[in-house]
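Residues per chain, in single letters:
Number of protein chains: 2
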Amino acid sequence: MSQRLLVIGGDAGGMAAASVARRRSPDLEIVALEQGRYTSYSACGIPYVLGGDVFSLDQLVARTPQQFRDRFRIDVRTGHRAMAIDLDKRSVEVHNLAQDRTYKLGFDLLHIATGAKPRRPPIPGIDGSQVYGVQTLEDAAPLLEEAKSGRCRNVVVVGGGYIGLELAEAFIKREAMVTVIERGAEVMGRLDPDMGALVSAGMRKHGITVHTAEAVNAIEPGTVTTTQRTVPADIVVLGLGVEPNSALAAEAGIATGVQGAIAVDRRQRTSVDGVWAAGDCCQSRFIVTGEPVYVALGTVANKQGRIAGINIAGGYATFPGVVGTAITKLCALEVGRTGVTEKEAKRAGFEYVVAKIESTTRAGYYPGAGTITVKLLVERVSGRVLGGQVIGPEGTAKRIDVLATAITAGMTADDVVYLDLSYAPPFSPVWDPVQEAARRASGLLEARG
Amino acid sequence: MSQRLLVIGGDAGGMAAASVARRRSPDLEIVALEQGRYTSYSACGIPYVLGGDVFSLDQLVARTPQQFRDRFRIDVRTGHRAMAIDLDKRSVEVHNLAQDRTYKLGFDLLHIATGAKPRRPPIPGIDGSQVYGVQTLEDAAPLLEEAKSGRCRNVVVVGGGYIGLELAEAFIKREAMVTVIERGAEVMGRLDPDMGALVSAGMRKHGITVHTAEAVNAIEPGTVTTTQRTVPADIVVLGLGVEPNSALAAEAGIATGVQGAIAVDRRQRTSVDGVWAAGDCCQSRFIVTGEPVYVALGTVANKQGRIAGINIAGGYATFPGVVGTAITKLCALEVGRTGVTEKEAKRAGFEYVVAKIESTTRAGYYPGAGTITVKLLVERVSGRVLGGQVIGPEGTAKRIDVLATAITAGMTADDVVYLDLSYAPPFSPVWDPVQEAARRASGLLEARG
Chain A
4 MSQRLLVIGG DAGGMAAASV ARRRSPDLEI VALEQGRYTS YSACGIPYVL GGDVFSLDQL
64 VARTPQQFRD RFRIDVRTGH RAMAIDLDKR SVEVHNLAQD RTYKLGFDLL HIATGAKPRR
124 PPIPGIDGSQ VYGVQTLEDA APLLEEAKSG RCRNVVVVGG GYIGLELAEA FIKREAMVTV
184 IERGAEVMGR LDPDMGALVS AGMRKHGITV HTAEAVNAIE PGTVTTTQRT VPADIVVLGL
244 GVEPNSALAA EAGIATGVQG AIAVDRRQRT SVDGVWAAGD CCQSRFIVTG EPVYVALGTV
304 ANKQGRIAGI NIAGGYATFP GVVGTAITKL CALEVGRTGV TEKEAKRAGF EYVVAKIEST
364 TRAGYYPGAG TITVKLLVER VSGRVLGGQV IGPEGTAKRI DVLATAITAG MTADDVVYLD
424 LSYAPPFSPV WDPVQEAARR ASGLLEARG
Chain B
4 MSQRLLVIGG DAGGMAAASV ARRRSPDLEI VALEQGRYTS YSACGIPYVL GGDVFSLDQL
64 VARTPQQFRD RFRIDVRTGH RAMAIDLDKR SVEVHNLAQD RTYKLGFDLL HIATGAKPRR
124 PPIPGIDGSQ VYGVQTLEDA APLLEEAKSG RCRNVVVVGG GYIGLELAEA FIKREAMVTV
184 IERGAEVMGR LDPDMGALVS AGMRKHGITV HTAEAVNAIE PGTVTTTQRT VPADIVVLGL
244 GVEPNSALAA EAGIATGVQG AIAVDRRQRT SVDGVWAAGD CCQSRFIVTG EPVYVALGTV
304 ANKQGRIAGI NIAGGYATFP GVVGTAITKL CALEVGRTGV TEKEAKRAGF EYVVAKIEST
364 TRAGYYPGAG TITVKLLVER VSGRVLGGQV IGPEGTAKRI DVLATAITAG MTADDVVYLD
424 LSYAPPFSPV WDPVQEAARR ASGLLEARG
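For the record, the sequence lines run as chains A and B. Each residue of the first sequence is one higher than the one before, starting from 4 at the first, in this note's numbering. Each residue of the second sequence is one higher than the one before, starting from 4 at the first, in this note's numbering.
The set of hints was computed from the structure by calculation and includes no laboratory data. Source: prediction; values computed, not measured. Do not take every clue at face value.
Repeated chains share a single entry, so a pair holds when one copy, or any two copies, can fit it.
What the hints assert, rightly or not - Cut-off 25 Å, straight-line C-alpha distance, at most; resulting in silico cross-link-like pairs (SDA-like, lysine to any residue): (1) K92 - T105; (2) K176 - G373; (3) K176 - D237; (4) K359 - G109; (5) K120 - H209; (6) K107 - L251; (7) K176 - G367; (8) K176 - S59; (9) K176 - G371; (10) K92 - D111; (11) K176 - R365; (12) K151 - D30; (13) K151 - D130; (14) K92 - D78; (15) K151 - G371; (16) K359 - F75; (17) K346 - E246; (18) K92 - R80; (19) K359 - R25; (20) K359 - R26; (21) K208 - D56; (22) K359 - A65; (23) K359 - A320; (24) K151 - G367.
Take the sequences, apply the hints, and build the full model.
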């Protein structure tokens, strides 16, 4: 008799594993439970639908449940929520939401990909009906109605991270008055504050009000009150990041780690034999420090899902970890980061030099060349690149990939200086800006020793 | 008494060395000879001036002779040509072109950066006044006059490499009828023919006539005759690549290597003590094969110049070599390559799998997403990435840098699959196209072993 793989969660971390396992194990019976209506969609695309760049939420779906059934023979059950895992009996209690019926489903192999949920700190009023967290397509649908309606004149975004700022831009495009409230010294807490300040400036230039070093005290219908002021707010959008949906696993006795995320080994195995996890519900390893880390990103979910799928099917693959790469487009600015920030470097005990340079995205004389700022952190003595941040116009963001690759390879600043990177006037100065920064770092290292 | 460094050649390979040496050796006397009028200019920018994207040739000058004199205390002598090197007497015979006067100049240290010149095969009529090679700003000036004049209705470009095609596009922008004659099976001989064919198609779509597998038999005033036809030609532009200007060094007894380029060690030292070389006149090492190679590119010239400068000043630095990275923008297409092509891989004895995929430059649902083709060559057994080629619309070219970095680091296809590359819908699908190609290669390797 064939074995049954039960997958909990129908987005990237779950369905990547399911499809890879299917390809390698034609005989496996695969059942996938998804509490919502959608499978494999791009949550990262939601701000662009809200802002009107992308026409509909449906366009964000990469593969429908029916496609998984037809092409991969995966028994996808949408509207079915996993309520509890019984590891002794190897079964999951499932709630069929439409029929309000509960049943038990046995498994031989279990893959957990329950994702994440927006953080909702205990602020008075945070559970009001005008307060939106945006994580799933189901979350996004009512917010999209609001955005399209033109009813919401005043939008307050709580939290100035990537998602918060992307949502702020979306509502500016819908001609709302948008205010971002960020508790930290600067927006984009995953950048150094000096780089975050460039982002704040860019957002303000586009008419977005940005208040930093300001906490939200209370949310009431029509207003948000901070430590500094009361702001009108027809709707409030939460951009405070996410936390892992790991309660189901934890309650079953599966070990958790950083920020409560499910602990996994390099093969995406949990602490329990025959139980796997991938994506936003579980942790990763941070290559720069070697420490476990929680990163909720679609790219990581897809990779971890693939690793899990290969191993579930009896193959062998290990996930090397992440270097903390992230990019975004905010109004006219492109922003990227990888590796450690200054704060993270200090916490890990690294001594480093900082090279910060301005260069141009194209040859200076070529039409459309704009100023790009590159900041590099390079370890003393070893010369190893520890982190990088880039901010600038069109042509900036994807340059972070060279640094992500160099950091993964353990390259030094000098290694980066002499990389054979591409050059042509429409794309780059003769020294690519990341190499210009590496050159500066190399000089600082030599001076300092 | 201070030592004298004599630099022959005022472009990147020469002046990068001179400025780096100056910074590290305040007491060095530095004299730089340049036969032309300009120093440190971007020859790669010439097609964009010819096409009218960039206003004037002067904009291509990064640093003028006067700036080198003022900021770096370098005695730059433009219009002075080095005629002969006497290694025994440690002196160079110099011709002052304006005064038509010859003098001898002694040196303690000599740095040769004599650059390259366009290839002119022995085709009847190739030395006609209507035939232009484009290598220096001096070459470009009369061609720019022609382009602006509107006189040249019919332009024939001989050679379908990067420069040839960039020049073809420039003249299409000037509303000439442009024909490219390429002897090889496809344009862009540094790509595989299947990828070159995509470029030909793109050029034709923009109204450029492209004839491949066709050699030029004769050039006459008003026409070019090939093995297949006679084409009207008011002017003829040579895009046949360049060869090293190494005669001066060779005649002095300095060793040369690949294609007659000056042989250098990793510190850019020539075969003669105290004599250095950098840039288009000398050879490099090809990291993928370990063999010496001739690559004439501004990026390489700048890096080699920097290495030479550090060593000349008594420091220590070595040039790791190149991986053959190159990019260009041709009409609506961006094209990039790095590492080895199939032909080069076979010649070096590599067995490999080929992964060729189509993906999109942005998330498929994001406005402006276009089709990108990525081709990867991956070594059997080791899984090492040997080469990559990319063709597609805006957002394509600079992706080659990840592959250049990965190849330099000796990464395998699996290493590339799991790189933490950046993702956001305006910039990439969730699997970056280069990772999509690596994933395909990984599957092929597993199937083939």
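Do the hints match the structure? See the list:
Taking the shortest Cα distances, K92 and T105 sit within 25 Å of each other inside one copy (17 Å), while across copies they are farther apart (97 Å). In this homomeric assembly, K176 and G373 come within 25 Å of each other (Cα to Cα) both inside a single copy, at 24 Å, and across copies, at 24 Å. Proximity of K176 and D237 under a CA criterion of 25 Å is satisfied intra-copy only: 16 Å inside one chain copy versus 52 Å between copies. When the C-alpha separation of K359 and G109 is checked against a cutoff of 25 Å, the pair qualifies neither within a copy, at 56 Å, nor between copies, at 41 Å.
Taking identical chains as interchangeable, the C-alpha atoms of K120 and H209 are never at most 25 Å apart, the minima being 29 Å within one chain and 49 Å between chains. Taking the closest pair of Cα atoms, K107 and L251 come within 25 Å of each other only inside a single copy of the chain (15 Å); across copies the shortest separation is 85 Å, beyond that limit. In this assembly of identical chains, K176 and G367 lie within 25 Å of each other by CA distance solely across copies; the values are 21 Å between and 31 Å within a copy. Taking the closest pair of Cα atoms, K176 and S59 come within 25 Å of each other only inside a single copy of the chain (16 Å); across copies the shortest separation is 39 Å, beyond that limit.
Taking the closest pair of Cα atoms, K176 and G371 come within 25 Å of each other both inside a single copy (24 Å) and across two copies (18 Å). Proximity of K92 to D111 under the C-alpha cut-off of 25 Å is restricted to the intra-copy arrangement: shortest distance 10 Å within a copy versus 85 Å between copies. Taking the shortest alpha-carbon separations for K176 and R365, only the inter-copy value of 20 Å comes in at or below 25 Å, while the best intra-copy value is 28 Å. In this homomeric assembly, K151 and D30 never come within 25 Å of each other (Cα to Cα): the closest approach is 47 Å inside a single copy and 70 Å across copies.
Only within a single protomer do K151 and D130 lie at most 25 Å apart by alpha-carbon distance; the minimum there is 23 Å, versus 67 Å between protomers. When the C-alpha separation of K92 and D78 is checked against a cutoff of 25 Å, the pair qualifies only within one copy, where the shortest distance is 21 Å, while the shortest distance between copies is 86 Å. With identical chains, the CA atoms of K151 and G371 are at most 25 Å apart between copies only, with a shortest distance of 23 Å across copies and 33 Å within one. Taking the closest pair of Cα atoms, K359 and F75 come within 25 Å of each other only across two copies (23 Å); inside a single copy the shortest separation is 49 Å, beyond that limit.
Taking identical chains as interchangeable, the C-alpha atoms of K346 and E246 lie at most 25 Å apart only when both belong to the same chain, with a minimum of 21 Å there against 51 Å between chains. In this homomeric assembly, K92 and R80 come within 25 Å of each other (Cα to Cα) only inside a single copy, at 21 Å, whereas the closest approach across copies is 87 Å. Only between protomers do K359 and R25 lie at most 25 Å apart by alpha-carbon distance; the minimum there is 23 Å, versus 48 Å within a single protomer. When the C-alpha separation of K359 and R26 is checked against a cutoff of 25 Å, the pair qualifies only between copies, where the shortest distance is 20 Å, while the shortest distance within a copy is 47 Å.
For the homomeric pair K208 and D56, the shortest alpha-carbon distance inside one copy (20 Å) is at most 25 Å, but the shortest distance between copies (29 Å) is not. For the identical chains of this complex, K359 and A65 are inter-copy neighbours only, at 22 Å across copies versus 39 Å inside a copy, given an alpha-carbon limit of 25 Å. Taking CA atoms no more than 25 Å apart as the test, K359 paired with A320 passes between copies only; the shortest distance there is 23 Å, against 38 Å inside one copy. Taking identical chains as interchangeable, the C-alpha atoms of K151 and G367 lie at most 25 Å apart only when they sit on different chains, with a minimum of 23 Å there against 41 Å within one chain.
Of the numbered hints listed earlier, those contradicted by the structure are 4, 5 and 12.
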